[in-house]
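A.B. asks: Residues per chain, in single letters:
2 protein chains.
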Amino acid sequence: MAGGWQDIRDEVLRRIQTRRWPPGSQIPNEAELAGEFGVARATVNRALQALAEDGWLERRRRAGTRVAAAPQRRARLAIPLIRQEIEAGGHAAAHRLLGTAPGPAPAAVTAALGLAADAEMIQVRTLWRADERPFAVEDRWVNLSGAPGFDSAPLDRISANEWLVRHAPFSHGTLEYAAETAEPELADLLGCAPGAPVLVLERHTFGPSAPVTFMRLSHAPGHSLKLEI
Amino acid sequence: MAGGWQDIRDEVLRRIQTRRWPPGSQIPNEAELAGEFGVARATVNRALQALAEDGWLERRRRAGTRVAAAPQRRARLAIPLIRQEIEAGGHAAAHRLLGTAPGPAPAAVTAALGLAADAEMIQVRTLWRADERPFAVEDRWVNLSGAPGFDSAPLDRISANEWLVRHAPFSHGTLEYAAETAEPELADLLGCAPGAPVLVLERHTFGPSAPVTFMRLSHAPGHSLKLEI
Chain A
1 MAGGWQDIRD EVLRRIQTRR WPPGSQIPNE AELAGEFGVA RATVNRALQA
51 LAEDGWLERR RRAGTRVAAA PQRRARLAIP LIRQEIEAGG HAAAHRLLGT
101 APGPAPAAVT AALGLAADAE MIQVRTLWRA DERPFAVEDR WVNLSGAPGF
151 DSAPLDRISA NEWLVRHAPF SHGTLEYAAE TAEPELADLL GCAPGAPVLV
201 LERHTFGPSA PVTFMRLSHA PGHSLKLEI
Chain B
230 MAGGWQDIRD EVLRRIQTRR WPPGSQIPNE AELAGEFGVA RATVNRALQA
280 LAEDGWLERR RRAGTRVAAA PQRRARLAIP LIRQEIEAGG HAAAHRLLGT
330 APGPAPAAVT AALGLAADAE MIQVRTLWRA DERPFAVEDR WVNLSGAPGF
380 DSAPLDRISA NEWLVRHAPF SHGTLEYAAE TAEPELADLL GCAPGAPVLV
430 LERHTFGPSA PVTFMRLSHA PGHSLKLEI
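Chains as they are written, first to last, in this note's numbering: chain A, 1 to 229; chain B, 230 to 458.
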């Protein structure tokens with residue numbers, strides 16, 4: 001077979017999954033595979049690299065390439081804008097600004113972002129709806145030095161989420177999903193009973209030179225995070 | 230600068246993040262970048278491909294490469310064995326087989342796996358502990374035709390999770406995280422109050438030729454899913 005690197009990857013994966021190459025076994029080297037498949041060694045390298053990144057193979061510089069004994073599989077999680085996520089579910093997305101407040105953030109927020117306790121921050125609370133139903137409540141603190149101009153953003157017209165992606169994109173950060181139960185005030189906003197289970201996403205993001213924002217997104221009951229592997 | 234593709238990727242990413250190449254703008258073509266960086270065109274191609282896979286760039290065959298206007302960021306989620314996940318937290322992992330039962334699975338289970346309602350399945354319930362504290366309750370249904378030999382696996386010695394990874398590895402599947410509240414029986418096993426918030430992972434996995442297993446993993450309160458972006 002000749003083909004692109006994806007064809008080589010698929011054939012190698014087939015051999016792993018059918019156990020022609022069982023877990024822990026050494027596979028032929030790149031030159032041998034290039035010869036067998038009738039492709040360039042670089043093509044084989046690209047295919048094996050992709051399978052190593054997905055956890056199927058373990059590559060060691062001198063010891064060659066082995067099939068992972070207990071492959072650690074990985075899923076990819078796309079991080080859409082909140083609006084995009086609602087629209088991807090086939091709903092009309094709407095945001096309502098519940099309030100903004102400048103001032104110091106809770107210690108847990110500044111600590112997560114590595115900021116001083118008196119860093120200049122703005123708190124923003126937003127209610128997101130999918131069609132007419134509550135989708136999530138977004139509690140956010142924005143670090144002004146990491147997002148210059150945020151204090152004059154027209155947050156009634158553009159959501160803080162969208163303003164920040166356009167004007168202060170993050171370079172890295174942390175996501176954390178946890179289960180909580182709805183406090184009465186949150187339950188009222190989400191239109192659910194107090195004590196109902198709520199999937200909460202906490203996200204801390206950092207720009208190339210400064211922390212940008214801390215967000216807590218409390219989803220209405222029934223929301224789930226789905227991933228393909 | 231000369232270097233490997235990772236060096237080129239990092240430099241291109243720096244130019245995107247510092248807005249030297251702003252969102253939506255077209256970047257120089259591969260030949261131009263190869264000339265500037267003093268590397269092979271294939272090296273530039275590998276770097277741009279990686280950035281496109283991470284959502285920073287949009288590549289079109291004739292239109293060239295642009296910086297994504299609103300980059301859709303992606304995170305990678307490693308899928309460890311339950312035992313590995315507990316041990317990675319610095320705890321001793323222990324599993325206790327609560328029971329097994331052959332027989333038909335609930336309709337939601339067979340439907341999720343695309344099986345007939347009378348498919349030959351085995352139900353297994355396992356309690357996982359981290360040190361002495363309950364970590365999660367694992368409710369699993371295994372499709373015997375996708376995992377031959379499972380009915381004679383010594384599940385008191387090896388967990389169903391580990392047996393399946395070794396003997397019936399999956400090729401693809403679906404993960405779903407949701408918040409629930411603990412029913413009394415689950416609360417008793419997890420050592421929490423009924424109604425406490427529980428992060429539940431549902432996972433359906435498929436082998437190269439048949440569905441393998443449906444799992445519901447109900448984590449003790451306080452557990453969260455953390456990801457880097």
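Calculated from the structure, these hints are not laboratory results.
One thing to keep in mind: the hints can contain errors.
[Unchecked claim] Some chain B residues judged to face chain A by a derived CB distance under 8 Å, without partners named: (1) T247; (2) R303; (3) R305; (4) A408; (5) L428; (6) E457.
[Stated by the list, open to error] Computed list of lysine to aspartate or glutamate pairs in EDC-like fashion (alpha-carbon distance at most 20 Å, straight line): (7) A:K226 with B:D236; (8) A:K226 with B:D417; (9) B:K455 with A:E202; (10) B:K455 with A:E36; (11) A:K226 with B:E287; (12) A:K226 with B:E265; (13) A:K226 with B:D380; (14) B:K455 with A:E180; (15) B:K455 with A:E183; (16) A:K226 with B:E405; (17) B:K455 with A:E162.
[To be verified] Facing chain B, from chain A, some residues (calculated, C-beta under 10 Å): (18) I27; (19) G114; (20) L115; (21) T174.
A virtual CB, placed ideally from N, CA and C, is assigned to each residue, including glycine.
A.B. asks: If you check each hint against the structure, which ones fail?
C.D. replies: Going through the list in order, the structure violates hints 7, 8, 10, 11, 12, 13, 15, 17, 18, 19, 20 and respects the others.
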